[in-house]
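Chains as they are written, first to last, in numbering that gives the first Met the number 0: chain A, 0 to 315; chain B, 0 to 425; chain C, 0 to 297.
Hints were generated in silico from the structure; no laboratory data involved. Just so it is clear, CB atoms sit at the ideal spot from N, CA and C, and this is done for glycine as well. Don't take each hint at face value.
[Claimed, not checked] If the Cβ cut is set under 8 Å, some of the chain B residues that face chain C in the computed set are:
no.	residue
1	Asn172
2	Thr211
3	Gly224
4	Cys424
[What the hints assert, rightly or not] In silico lysine-lysine, DSBU-like type, Cα no more than 30 Å apart, as pairs:
no.	chain 1	residue 1	chain 2	residue 2
5	B	Lys217	C	Lys1
6	B	Lys129	B	Lys370
7	B	Lys217	C	Lys138
8	C	Lys138	C	Lys1
9	B	Lys338	B	Lys370
10	B	Lys338	B	Lys201
Listed below, chain by chain, are the residues.
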Amino acid sequence: MKTKSLALLFILGLAILAGGLLLPQWMSYLFTIAMGKGLVVLGLVLLMRAGLVSFGQGLYYCVGAYVAGMLTQFAEVTDILLILLASISVSVVIAAIIGLLLCRYREIFFAMFSMAFSMILYGLLVRMQVLGSTDGFNVANPSLLGWAPGPEGASDLVLAVAVFLVVSLGILAWRYLNSLSGYAGEAVRENEIRLEYLGGSVFKVVYVKYIIAAALAAIGGTVTALVSGHVDPEMAYWTTSGEFVFIALMGGTAHVAAPIIAAVLFEALRTYAFAVAPYTWQMILGFALLAIILFMPSGLWSLVERFQNKKARKTT
Amino acid sequence: MKHSLLTAATVACAMTTGGLSLSAHAADDYKLGLVTFLSGAASGPFGIPAKNAADLVIEAINDGTLPAPIQGKGIDGRQITPVYVDEAGGATKQTSEFRNLVERDGVDAVVGYISSGDCLAIPAVAEELKKLTVLFDCGTPRVFEEADYKYVFRTHSTASMDNIAAAHYVNDNVPELESVAGINQNYSWGHDSWRDFTETLKVLRDGDIEITTEQFPKLFAGQYGAEISALQVNSADVIHTSFWGGDTDAFVLQAAARGLLADNQVIFTAGETALNSLGEHLPDGAIIGARGPFGPFAPDSELNTWFQTEFTERFGTPPTFPAYHMAHALIGLKLAQDKAGVGASTEEVITAFEGLEFEGPGGKVEMSRGKGHQAATEMVYGRLERVDGEITFTDIVRYPADCVNPPEGTETVEWIQAGMPGAECN
Amino acid sequence: MKQLIAILVDGSVYASWLFIISAGLTLIYGVMRILNMSHGSFYALGAYSGAAMVGWYFSTGSVPWFSFVALIGAALVAGITVGLLVERGLLRFMYGRDEVVMILVTYAVLLIMEDAIKLIWGVEPYFAYQPYTMLGRTKFAGLSFANYDFMLIGVSILIGLALWYGLNRTRNGKLLRVVIHDREIAGALGINVSRIFTITFLIGAGIGALAGALTAPGLSVVPGMGIEVIVLAFAVVVIGGLGSISGALVGALIVGMARATAVHLYPEVELFVIYAVMGLVLAFRPQGLFAVANARKI
Numbered sequence: 000m001k002t003k004s005l006a007l008l009f010i011l012g013l014a015i016l017a018g019g020l021l022l023p024q025w026m027s028y029l030f031t032i033a034m035g036k037g038l039v040v041l042g043l044v045l046l047m048r049a050g051l052v053s054f055g056q057g058l059y060y061c062v063g064a065y066v067a068g069m070l071t072q073f074a075e076v077t078d079i080l081l082i083l084l085a086s087i088s089v090s091v092v093i094a095a096i097i098g099l100l101l102c103r104y105r106e107i108f109f110a111m112f113s114m115a116f117s118m119i120l121y122g123l124l125v126r127m128q129v130l131g132s133t134d135g136f137n138v139a140n141p142s143l144l145g146w147a148p149g150p151e152g153a154s155d156l157v158l159a160v161a162v163f164l165v166v167s168l169g170i171l172a173w174r175y176l177n178s179l180s181g182y183a184g185e186a187v188r189e190n191e192i193r194l195e196y197l198g199g200s201v202f203k204v205v206y207v208k209y210i211i212a213a214a215l216a217a218i219g220g221t222v223t224a225l226v227s228g229h230v231d232p233e234m235a236y237w238t239t240s241g242e243f244v245f246i247a248l249m250g251g252t253a254h255v256a257a258p259i260i261a262a263v264l265f266e267a268l269r270t271y272a273f274a275v276a277p278y279t280w281q282m283i284l285g286f287a288l289l290a291i292i293l294f295m296p297s298g299l300w301s302l303v304e305r306f307q308n309k310k311a312r313k314t315t
Numbered sequence: 000m001k002h003s004l005l006t007a008a009t010v011a012c013a014m015t016t017g018g019l020s021l022s023a024h025a026a027d028d029y030k031l032g033l034v035t036f037l038s039g040a041a042s043g044p045f046g047i048p049a050k051n052a053a054d055l056v057i058e059a060i061n062d063g064t065l066p067a068p069i070q071g072k073g074i075d076g077r078q079i080t081p082v083y084v085d086e087a088g089g090a091t092k093q094t095s096e097f098r099n100l101v102e103r104d105g106v107d108a109v110v111g112y113i114s115s116g117d118c119l120a121i122p123a124v125a126e127e128l129k130k131l132t133v134l135f136d137c138g139t140p141r142v143f144e145e146a147d148y149k150y151v152f153r154t155h156s157t158a159s160m161d162n163i164a165a166a167h168y169v170n171d172n173v174p175e176l177e178s179v180a181g182i183n184q185n186y187s188w189g190h191d192s193w194r195d196f197t198e199t200l201k202v203l204r205d206g207d208i209e210i211t212t213e214q215f216p217k218l219f220a221g222q223y224g225a226e227i228s229a230l231q232v233n234s235a236d237v238i239h240t241s242f243w244g245g246d247t248d249a250f251v252l253q254a255a256a257r258g259l260l261a262d263n264q265v266i267f268t269a270g271e272t273a274l275n276s277l278g279e280h281l282p283d284g285a286i287i288g289a290r291g292p293f294g295p296f297a298p299d300s301e302l303n304t305w306f307q308t309e310f311t312e313r314f315g316t317p318p319t320f321p322a323y324h325m326a327h328a329l330i331g332l333k334l335a336q337d338k339a340g341v342g343a344s345t346e347e348v349i350t351a352f353e354g355l356e357f358e359g360p361g362g363k364v365e366m367s368r369g370k371g372h373q374a375a376t377e378m379v380y381g382r383l384e385r386v387d388g389e390i391t392f393t394d395i396v397r398y399p400a401d402c403v404n405p406p407e408g409t410e411t412v413e414w415i416q417a418g419m420p421g422a423e424c425n
Numbered sequence: 000m001k002q003l004i005a006i007l008v009d010g011s012v013y014a015s016w017l018f019i020i021s022a023g024l025t026l027i028y029g030v031m032r033i034l035n036m037s038h039g040s041f042y043a044l045g046a047y048s049g050a051a052m053v054g055w056y057f058s059t060g061s062v063p064w065f066s067f068v069a070l071i072g073a074a075l076v077a078g079i080t081v082g083l084l085v086e087r088g089l090l091r092f093m094y095g096r097d098e099v100v101m102i103l104v105t106y107a108v109l110l111i112m113e114d115a116i117k118l119i120w121g122v123e124p125y126f127a128y129q130p131y132t133m134l135g136r137t138k139f140a141g142l143s144f145a146n147y148d149f150m151l152i153g154v155s156i157l158i159g160l161a162l163w164y165g166l167n168r169t170r171n172g173k174l175l176r177v178v179i180h181d182r183e184i185a186g187a188l189g190i191n192v193s194r195i196f197t198i199t200f201l202i203g204a205g206i207g208a209l210a211g212a213l214t215a216p217g218l219s220v221v222p223g224m225g226i227e228v229i230v231l232a233f234a235v236v237v238i239g240g241l242g243s244i245s246g247a248l249v250g251a252l253i254v255g256m257a258r259a260t261a262v263h264l265y266p267e268v269e270l271f272v273i274y275a276v277m278g279l280v281l282a283f284r285p286q287g288l289f290a291v292a293n294a295r296k297i
């Protein structure tokens, strides 16, 4: 079953890539943004599996985006691999420091405290005139191993990279969740004290998850920055982080593909609401969110599970 | 597991593609994307007046009822069909919505953007998609200073003009000026406004100016008690503020109630939008700007009379500067298209638009900066004075475009700090 | 000296405003374990209905002093009606769900209410400045302050006292505290928890709307004003300890004073002050200053 599913993920990835390249550009753009956000939400889902909901993933999303922006704009590094490497390293270092403090907290305090950190970054960026304050700045077109596709090809390049990242990181995340430390996360959610009795370190489990989630969020931010061509502090604002939680809840935590699919659907829903009801799109989003919480407590993935007639998993 | 992925993917695809194929392209209209704030705090003071102006002007263009010298029905011989988009949500979302407008809805041109962040993000996409785009209200000078664009135009001056002119005005019209204080919102607009104002003042006075306090409350903070006290404690001859919208209203109400406005000379660089609603709280002598020769400062012309009367009649309030900005963008676009001729290609329209000079309801617009893509206009300040309870203005000073706008090819801050070489003031 | 007086007065005024906007939030959390994101919408709702009512009231040319009644009355009626609608129509189906899910439920309510408010009142600003300017100003130590702001301090003390009395000296309040302490035991004792929840939510929503109405005279009521206060109220409540009324009071005082000090002495750090205080407090008291420690169930 594992290998089948893996193969399927690959096929799905290829299909998205092919579809993305064939689709009208506005749709493939939407897909790329959704892939970026999907990666952030994937990290969030890893945390949620351990019962922790971060309202501050915007922090790393923004860090990843700004690293990409600063490298392309000020250091003239445009290689997408170098940029990714840099944003992962920066975010991991920051997460390793903040995590020491944050991973002592649980539940709503974890949520609020992580939000506070991302708001501090927001405040810092607003004060920084060299980085364009609230206006942000533009990101130059990326290249890959010396190949620079120019403005027309750049979005296709980012799309391809994004799809590759989503598929490979999705598989990695899946393997992680099915590993011992992955299951330890669920043990943290269910009962921390029992985990400690069994000889596991709750702090270590949470800390590692937090860092992984941060790296995923930074990658998502980098993808978004490269495809949209612009970064601003709004990415660290609490509403951005709230959106990620929205998407995570929409997809559910049952499967690593859920956040990605939810991200695509969310972007579609939002742009659709925008086009149909320019005055009341927030209301549409609100009702959609309520409907999901009321009728699909385990997210959209429960549709899939219901369809399969399998025993529904208990999730948060 | 296998089925689960497939099902999910199918559901996702079906919902996305099904839900989004809205585009229906009628052949014989000129589809115009219009992006302004329809929700959030900027919608009341900026977004909706701009949208109202767009409705009014588009209808007049379609009917051919705009006063002379603007002629002809529609644009490019076609009737304009507006497609409205809410500007809320930040730059990333707006680039996505811009693509939707161009590629899904197939618009012929886009007019929009109030937020400076959006104005910086959109041009790169406009270039990539090769779509004529007119920025209509945002203030940041960075758009054409940091890059050259072919498809992007801006038909109003940058916010630097407001603050350079403000410095000129207080320097010339406030007797015994020694110190200034500032209260500006803590974001780019506020920082830039305060920087341009103080830097110009330093140049004009050879550095002989004291700054008593500079306050940067959070955007939309709404509560300015502590800031007002700080302005009272660190009293200055002139208080500079670039507040807009609800923040201006709140500041005016709270400052007036505490006597700050009566005891101090305040200059509101974007204060015009508050005149209609809160005029009675502004004391005589308050210096008001309208981001250009707009509203009460608009020059007498047939076009302006038409715009003022029709707008007031239809929407119940007189047009404020965002409405003028929108009118200018639409009229500029139409005139460029007219000049290029019916059936002209986008490239021909761009050539016609570059360096265009035209008269809008708010006077003359010269597309003389940013290689012909960025407008420069005159800037006006005046002091509020009540005559029989009616708000009028005295000490009106009009600064020519070349006095308060940096010349072609210069960067605003550098130009100010270099002593504003080449400025042609009266 | 002048500066010190200014800091103290500004700090207290701001603190009382913070307390009024966060009291309802902390009450609802304490009893219902719901971190109510839509609190900001109730605030906006109160501001809009209060401002609209005051505008109408003055157009009738009646006695100005009664405009306070119009302002507060309209807000309370609107807040409690919509509160009833939200609690009975939606929230009661969700009790027992995860706290984070409840945040999102109330976030959805916020999104819906934001647009509903826009549909009712449009995006044009509403003004209700008459009560604000009517009270005049007081001058001392070379500074002048609006009397309305002093009234705000009084009102916040009143609200605090009323909540304290209600919780500690009335039968219903004592029942409420039982629910705060242990919902299951309370149910087992025969307390009608569901009814307590409804009442709590109505009081919380009412205070939220009242906060909006009291703020409205000092500014223009515009779309999005609700979103702006949520984060502020959250910070105050988290500092004080979620669910604690006295905590909210202390949190409001700390944030208010810290902000006033920053504005007067270090204006450049004003934006961080709140988060810095919040970080500092949480680093040493993870549950906030006044939260009751929860026994962990094994």
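Do the hints match the structure? See the list:
1. Asn172: 26 Å, violated
2. Thr211: 11 Å, violated
3. Gly224: 5 Å, holds
4. Cys424: 33 Å, violated
5. B:Lys217 x C:Lys1: 25 Å, holds
6. B:Lys129 x B:Lys370: Holds, at about 18 Å.
7. B:Lys217 x C:Lys138: 27 Å, holds
8. C:Lys138 x C:Lys1: Measuring from Cα to Cα gives roughly 12 Å; hence the hint holds.
9. B:Lys338 x B:Lys370: 19 Å, holds
10. B:Lys338 x B:Lys201: 43 Å, violated
Of the numbered hints listed earlier, those contradicted by the structure are 1, 2, 4 and 10.
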